[in-house]
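Generate the whole structure from the sequences, applying the supplied hints.
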Amino acid sequence: DGTALALHRFGAGGAPVLMLVDVGFGRSLAEPLARYLAERGRTVYVAELRGQGAAASGFSLRAMLHLDLPAVARAIGEPVDLIAHGYVGTLGLAAAGRELPVRRVVALNVPVEVEPPTALQRWFLGDGGRFSTLAASPAGAARFTQLFAPGSEVDGGVVRAGTRDLSPALAAELLTWLDAGDLPLDDGTSVRSRLRGFNHPTLSFLALADGWAPPESCTPLRDWAAAPVRQVLFSRFTHGDDFSHVSLLRGRRAPRFVFAPIEAFLR
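Heads up, the sequence shown is in my numbering, so the first residue is 1 and it goes up one at a time.
Source of the hints: derived by calculation from the structure; they are not laboratory data. Just so you know, not all the hints are guaranteed correct.
Said to hold, decoys possible - Derived CB-CB ranges, DEER-like:
| id | residue 1 | residue 2 | range |
| --- | --- | --- | --- |
| 1 | 12 | 237 | 38 to 46 Å |
| 2 | 140 | 103 | 36 to 44 Å |
| 3 | 77 | 237 | 40 to 48 Å |
| 4 | 222 | 182 | 14 to 22 Å |
Using N, Cα and C, we set each Cβ at its ideal position, and we do this for glycine too.
See the structure below:
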C-alpha cells in the first residue's frame, strides 16, 4: 500500500530466520539474538513493520498481518523459522502458513488467550502508547520497568532508547483487542480462530515477570496447537532471573538461557 518497511539481515548462510519484536520496539531489541544466530551460521532477518524502528508510521495491527508480513515473505523468498515476540509475535503466529510461510516457531511471551489490560497498560495505551513519556523522567522510567522489565538484569536506558511511540490509532486498536480478547481480521477470520488451528512445532519461552504480556496468556498455545509445543517457564530459583518482556532478548543471562536453547531448537 506504499508503506515503507525495514528488513535487516544478519549473516548469510543456512535456512533463514525471521524475527518479529513487539509494538514500539525494533532492531535494537532483536540485534543481540540476531547476531548470536548469525555467528552460528544462520541468515537472520529482523523485520520492522509499520510503526517500528525505521519503518513508516503505523496505523493498524491488521495491516501488519495482511500487508506487511506478505511483503516481508516476498522479500525473503522462502519459508522461514519464525522467532516471535509479544503481540506482534501473536500476529506472526496467526499469519503462519497463510500470509507467512513458516517451518518452526520460537515464541517469546506471545499471548494467545489475550487478557484484559492491567491498570498500567490501560493508562499507557489510553495515553496513545507514547514510549517517549517513559524515557522523559524517573517516574516514566519506573513505569517502563514495571511494564517491560520488572526485577530483570537489563539496561533499561539502552532498551528505552530503541523504542518508538505508537500511533494513537494503533494504541487504541491494541487496547480494544485486550478488552475484547480477540482481534477480528479483514478476511473474516480472527486472531483467536486462526490460533486454534496452529500447526507448527514450537519452542515457547514464558517470562514469569512480564508485566506486558503475562505468561498465563501465553500458555494455552500448548493446548490449542495441533503440533508439539514445548514450553520453558523461567524462575529466579532455577535460572537466577524470572525474565521479563525485554530481558528475554536484552538480559545479561539471555545468551545462556534463551539464545542457546533457541539455536539448538532451530538446528
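To see whether the hints hold, each was checked on the structure:
1. At roughly 40 Å, the beta-carbon separation of residue 12 and residue 237 lies within the given 38 to 46 Å, and the hint holds.
2. A hinted range of 36 to 44 Å holds for the C-beta pair residue 140 and residue 103, which are about 40 Å apart.
3. Between residue 77 and residue 237, the C-beta spacing of about 45 Å keeps the proposed range 40 to 48 Å intact.
4. In this structure, residue 222 and residue 182 meet the distance hint of 14 to 22 Å, their C-beta atoms being roughly 19 Å apart.
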